[in-house]
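Visitor: Residue numbers (my numbering), protein chains in the order written: chain S, 286 to 383; chain U, 68 to 487.
Keep in mind the hints are simulated off the structure, nothing from the lab. Note that beta-carbon positions come from the ideal geometry of N, C-alpha and C, so glycine has one too. Possibly wrong hints are sitting among the right ones.
Label-pair ranges, simulated between beta-carbon atoms [to be verified]:
1) U:R91 to S:E345: 49 to 59 Å
2) S:N319 to U:D425: 20 to 30 Å
3) S:P291 to U:D157: 43 to 53 Å
4) U:S480 to S:V359: 18 to 28 Å
5) U:A225 to S:Q299: 36 to 46 Å
6) U:Q483 to S:L368: 20 to 30 Å
7) U:Q486 to S:L364: 22 to 32 Å
8) U:P97 to S:Y343: 48 to 58 Å
Derived coverage of chain U by chain S (criterion: at least 3 residues anywhere in the stretch with Cβ under 8 Å from a Cβ of chain S; other residues may be distant) [what the hints assert, rightly or not]:
9) 315-325
10) 364-372
11) 479-487
This is what each chain is made of:
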Amino acid sequence: MIIDHPLLGPRDSQEFVLLGDASLLNRPDWQAGNAGHAFYEYQYLRDNPAGAHRELWYHEMGDRSWLIVTRDTVTHEVLKVELAADVAAGMASGRRAK
Amino acid sequence: MGLNGGYSGFRILREGLSGNRGWRPAWRDPSPQPAYDFVIVGGGGHGLATAYYLASQFGEASVAVLEKGWIGGGNVGRNTTIIRSNYLLDGNQPFYEFSLKLWEGLEQDFNYNAMVSQRGVYNVYHSDAQRDAYRRRGNAMILHGADAELLDAAQLRAECPFLNFDNARLPVMGALVQRRGGTVRHDAVAWGYARGADRRGVDIIQNCEVTGFRIQNGRCTGVETSRGFIAARKVGCAVAGSSSRVMQAAGMRLPIESHVLQAFVSEGLKPIIPGVITYGGGHFYISQSDKGGLVFGGDIDMYNSYAQRGNLPVVEDVCEGGMTLMPMIGRARMVRMWGGIMDMSMDGSPIIDRTHIDGLYFNGGWCYGGFKATPASGWCFAHLLATDTPHETATAYRMDRFERGYMIDEKGSGAQPNQH
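With the rest of the complex left out, here is chain S:
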C-alpha cells in the first residue's frame, strides 16, 4: 500500500505503524459520571467496518507525524490522508464553537 503523505508525498506503508481506529482521538471526559463505561467503550469496542475505515497511522520511519488515513478494508485502497494534528485542531475548534 502507498500512503500519500500530505507533506512528503507518496510513501510505502512499510514506513508506518498502525495504531487503529481514528475514534481513538475522541478521548472521553474522565470527570464525567459515566467515565468508567465511556473509557471501556473507547478502549475496547470497535466499529470494524468492511469498507471505508478511518485509522491512525504513525510515520515511524519518516517524519514521525501522525496521519489519519481513510482506507477501504476490502480493497486496501487508500482514499484520503490527513494530518492527525489538523483533524484534532478542527475537532477542538468545533468543541469551542459549541
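The hints should help you fit chain U onto chain S, whose structure is shown.
Guide: Then chain U, alone, in the frame of chain S:
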C-alpha cells in the same frame, strides 16, 4: 451408524472390488425448515463442530447450520493446520488441553480420517531469559495436565540438525517441545464434522446468508436469511473473521478488529522438517505437509482488512524469519500464498458467551488460534447453547471481561489487537 454408511478399511476394499459405485455424498443438501431449536450461523470448523456436539453429546435433534457460501470455505481451509496446547494462563491452558484431547480421539469419534499427526511442536529459544520463560510455560502446561519437555541445544540438534545454531545475534539454544502437538488435515476437519453432524440429523444449509436477526422484546426469535426467515429457539454465531459484520445486524459492537494473516506453501520436498517449528526471535512457524510442501506463516499484516490477501512487506518479513532460523529453506520455491481474516480480540483470547439479547449466543475472537481450538470451541459452544451454562474449561471467555478487567492477555501487550 451401521457399517453400511461408515468408512473403514473393509469398506474401501469392498468398494474397490465393485467399481466404487457404492459411495454416496457425505452429507445431504436439505432445504431449510421453517423452524429449528438451534440455528448455528457459520458453516466453518467451529460452527460444524458446535452442531456435531449438540447432536452427539447433548442429544439435540433440531439443529441447522447456515453457511453463506460452501462449508469449510473460510478459515478452516486457510490456516497452517497446527494443533497444540502450549499456553501459560489459567483461562486458556485447560481449554486448549481439552481441545488437544478431543483431537486425539476425533477420528474414531466422527469416523473420518482427519490425518491427525502428533509430530511435536518445537518452540525454539535464543536467550537465557527466553529459556526461563519457556520453562515456566512448560511447567504451567504440566501442572494443567499437558505435556512439555525442555530441550537444550545438543538435544535439539539431534532432532533438528538444520537449525541455525551458531547465529551470532540469535543463537539457537534449545526448544520447548510439546510432543502431543502436531498437524491435522484441515479440510477433513470440516468435512468430518459436517458428515458426522449430518448423520445425526443436523441440516447443513449452504448458500444461505444470514442478513439479520429477528429480535422482539430483547429476545432473538430467529434469523432473516437469503432463503427466508428461519425461526429458532436459540441462535449461535460462529463466524470468526466476520463477527463484527454479522453481530452489527444485532446492534452489537465487539471488542474485535478484523486483520489479514498470510500463509505460504513451498513446492513439495522430501521429508526434512520433523514437526512444527516456531522461531523465538521473530514470528515464524513452519511444518511440512504429508505431500511435502513446507507450510509456514508469521505475523498478521497489522492493519484492519477484510481482503483475503495481504501485502509484500509481511511476506518479506516472514521469509526473513525463516531464513534466519533455517537457512536451508532458501533454495525452496514458494508456490502458493493466501490470506485469511482473523477476529483479533483486544486481549488475544476468544469469546464464547451469551449476548445481552436472550437466545443469541456468540463464539468468536479467535485471533490466529482458531484452528487448534476447533473441537473444544464446538464442544463448549454446544454446552453453552444446550445448558445455558459455560463449560468448565471456557468460563473465562466472557464477553464482559474487558469492562470488568479480567483480560486473558497471553502476550501481555494490552488492548492492541494487532499486537496479539
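Visitor: Hint compliance check: list the failing hint numbers for this structure, sorted ascending.
Guide: No hint contradicted; all consistent.
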